[in-house]
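J.: Chain by chain, the residues run as shown.
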Amino acid sequence: MRNRSRTLAALATAGALTLTLTACSSDDDGGSAETPADGDWSGETLTVMHFEGQDSAMGIAWDRAIEIFEEETGATVDLQLTAFEDLRTSAEQLFDSGDAPDVAEYNKGNATAGQLAAIGVLENLDAAYEEYGWGDMLADSVATTAQYNEDGIMGSGSYYGVPNYGEFTFLYYNEDMFTEHGVEVPTSIEEVEAAAQTFADAGVTPFAESVQEYPLGQLWYQLALSQADRDFVNAYQLYTEPVDWQGAEISYATETIAEWVDNGFISSEVTGMTAEDAGLEFINGEVPMFYSGSWWYGRFLTEVSDFEMGITNWPSTELTPGSGGNMWVVPVESEQPELARVFIDITMRPEIQALLGDSGGLPVAADPADITDEDAQALIELFNEVNERDGLSFYPDWPTPNFYGDLNGVLQGLVNGDFTAEEAQAELESYYEDHVADIRD
Amino acid sequence: MTSTMTPKRRKRIHEPARIPERGGRKLGYWLYFLPGALLVSVIIFYPIVRNLRLSFFHWRGGRAEEEFAGLDNWAALFQDQEYLQSFQNIILVIFAMVIIPTLLGLVIAALLFDVIGRRFGGKLSSFLRATYYLPQILPIAVAGVLFGWLLKPNSDGVVNQFLTFITGSEVTVNWLGGSYPTAMGAVMVLMIWIQIGYPVVIFMAALQRVDPELYEAAELDGANWYERFRAITLAQIKPEVFVVSLTTTIAAMKVFAPVFILTQGGPNKSTYVPSFYAYNEFVNGTDKGYAAAIASSITILVAIVAIIFIRVQNRSERKDA
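Line order of the protein sequences matches chains E and A. Quick note on full-length UniProt numbering: the first sequence kicks off at 1 and runs consecutively. Quick note on full-length UniProt numbering: the second sequence kicks off at 1 and runs consecutively.
Some clues are possibly wrong.
[Stated by the list, open to error] Which residues of chain A face chain E? A few of them, derived with a C-beta cut under 10 Å, are: (1) Arg63; (2) Ala235; (3) Pro239; (4) Glu240; (5) Thr263; (6) Lys269; (7) Tyr279.
If you're looking for bench data, these hints aren't it; they were derived computationally from the structure. Ideal Cβ positions, reconstructed from N, Cα and C, are used throughout, including at glycine.
Construct the entire structure; sequences and hints are all you get.
T.: Dropping the structure here:
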């Protein structure tokens with residue numbers, strides 16, 4: 001009996017402590033500094049968080065923006081660098097905590113910024129858009145990823161972020177290998193396949209790929225987009241109507257991937273490879289083609305030294321994976337929301353946007369006449385070509401929070417031969433519908 | 001001498017500090033209990049209670065409203081193929097983290113102690129023991145990266161190069177990205193490699209307390225190595241075998257890092273384990289309540305397994321006594 005009463009007493013104590021702790025953990029609203037009348041913010045600190053490399057186009061441009069910000073406001077910037085993956089997994093907790101940065105770069109799309117907007121951890125920026133006129137600087141397809149409705153679906157509703165660069169995917173090729181094998185830069189899908197066949201016949205794997213991470217998923221989506229129209233994109237990304245997973249667009253993509261693996265255009269080893277592995281294969285001159293995003297461009301310019309690199313848009317398509325880049329968001333726990341807006345506005349200035357472009361990035365609000373670098377111009381030209389046909393169609397993994405992993409997993413099964421094309425599509429449909437059916441209803 | 005001591009002084013020796021009393025009851029023990037209780041409450045009870053509570057709600061996260069879901073999340077677990085698959089994989093993980101290392105650990109410890117230690121001296125067996133233990137002190141992230149490098153799918157991979165060298169023809173096995181058996185097999189090999197040193201060290205420590213005369217007597221009676229291993233080693237270190245089995249089974253049921261680092265649950269989710277699934281649902285999912293149900297189910301199962309183990313051990317000890 002005595003033992004039992006002691007145990008009960010111990011449990012009661014632990015329970016009481018637990019309750020006390022619960023009471024202590026109530027939300028603490030972050031305060032915000034008051035606007036000084038003369039615009040002098042001396043003594044204040046703005047915490048800025050981003051995940052771009054400091055020698056990347058964005059890193060270079062934003063460093064300059066920080067200098068200007070400090071000069072003009074008198075406030076200091078506490079710059080916190082993080083990794084894309086780290087922020088992706090921790091933003092939900094971080095932005096809703098006392099450690100939240102005042103302004104942060106964050107991934108766009110339904111599954112990321114949309115999800116955070118829907119659960120109330122991002123500040124609504126409608127008033128700031130009106131005050132600073134950011135909306136007028138953004139192309140429609142770029143602005144799509146800055147607006148989210150109450151379910152966190154992009155394209156309508158309030159503004160929750162400010163994208164100040166763009167990104168899209170295209171074909172990188174090794175000009176030297178093309179010349180060596182007598183291959184022309186392809187201008188149709190038939191020419192892509194003929195080029196791939198030439199390389200495969202010569203014992204060279206034509207495409208650098210990986211499916212532990214995104215590259216093959218993006219190629220799959222590009223293949224589907226080449227058979228699709230804007231209604232398909234709206235159905236797939238904005239849930240306007242059900243997607244036909246056994247329809248012409250997706251069947252073409254899945255069957256083509258399976259066929260290309262069978263033909264040796266894509267190695268079956270890609271299931272064990274990361275995006276970095278694929279990028280390195282291309283940099284090392286082991287494979288002639290790599291279909292991936294503009295975020296590689298600056299690095300390839302620096303690291304490709306043994307051959308001439310060329311870039312071209314995927315042929316025979318109106319639609320291309322791409323969007324506004326990652327965006328500046330202001331967490332609800334930001335202690336300096338007003339300074340955050342001042343900082344964002346500086347990053348949108350023509351001089352910063354031009355610097356971003358000249359450093360190899362894709363500015364969203366630059367005057368093309370300000371861009372002087374030849375390589376930067378080549379990239380911007382390609383991007384403008386996509387924008388002129390209103391081609392930006394976002395990314396394949398945006399529809400559901402888990403779709404990135406789901407898509408990679410199913411494509412791994414397809415490449416391994418565990419799934420037929422039809423089975424892979426049915427599998428993808430079940431993951432997609434699992435999340436989207438509720439929202440569409 | 002004792003006659004010179006005053007009664008007052010004697011009292012001070014026996015009761016150096018007065019235990020605070022209230023209402024005639026001694027509070028002393030409770031004072032000692034408090035720091036531990038506080039820590040356990042903050043680190044163990046509070047998260048478990050919060051998590052269990054959350055498993056009965058649908059919650060999108062952040063500042064979204066929580067909606068009471070009753071047993072919805074728990075019922076959904078039993079129809080969720082990924083969840084069931086992740087538990088099937090736990091059986092393989094138990095092989096890799098409990099059964100194989102414990103069996104191998106027993107043999108290695110016995111060999112090091114009874115054969116190497118006696119023939120070549122304690123220094124060599126201590127050195128070998130430390131070698132087996134090395135993977136245990138290596139951060140799992142480092143071990144994962146190392147294995148990722150060894151198991152690269154193309155001819156760059158060290159394992160493939162080694163197999164190419166042995167067989168004479170080019171081997172390019174896609175270890176981590178291949179279909180079911182290779183990826184799970186590769187993760188299991190990493191787990192065995194990491195795990196093996198733990199039972200070896202525990203069992204060798206246990207063997208130190210076995211009376212050497214037992215072995216000598218058995219040897220004089222003509223017992224061979226296997227007979228000595230079965231009759232003396234196994235019988236004497238039974239309690240340690242229980243402890244190792246219990247701790248490694250618990251570790252196996254909540255294993256996370258090797259899967260996270262090596263395969264991210266792939267290819268096609270074939271290496272999912274429950275804790276990775278719970279993590280993935282918490283981080284990427286839109287219903288944190290469901291993730292909480294997965295996590296709570298692991299906690300409950302681990303507790304049940306631990307209780308069963310301890311009961312079986314107690315019964316076995318009573319029988320031996």
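J.: Provide an ascending list of the numbers of those earlier hints which the structure does not satisfy.
T.: Violated hints (numbers, rising): 2, 3 and 4; every other hint is consistent with the structure.
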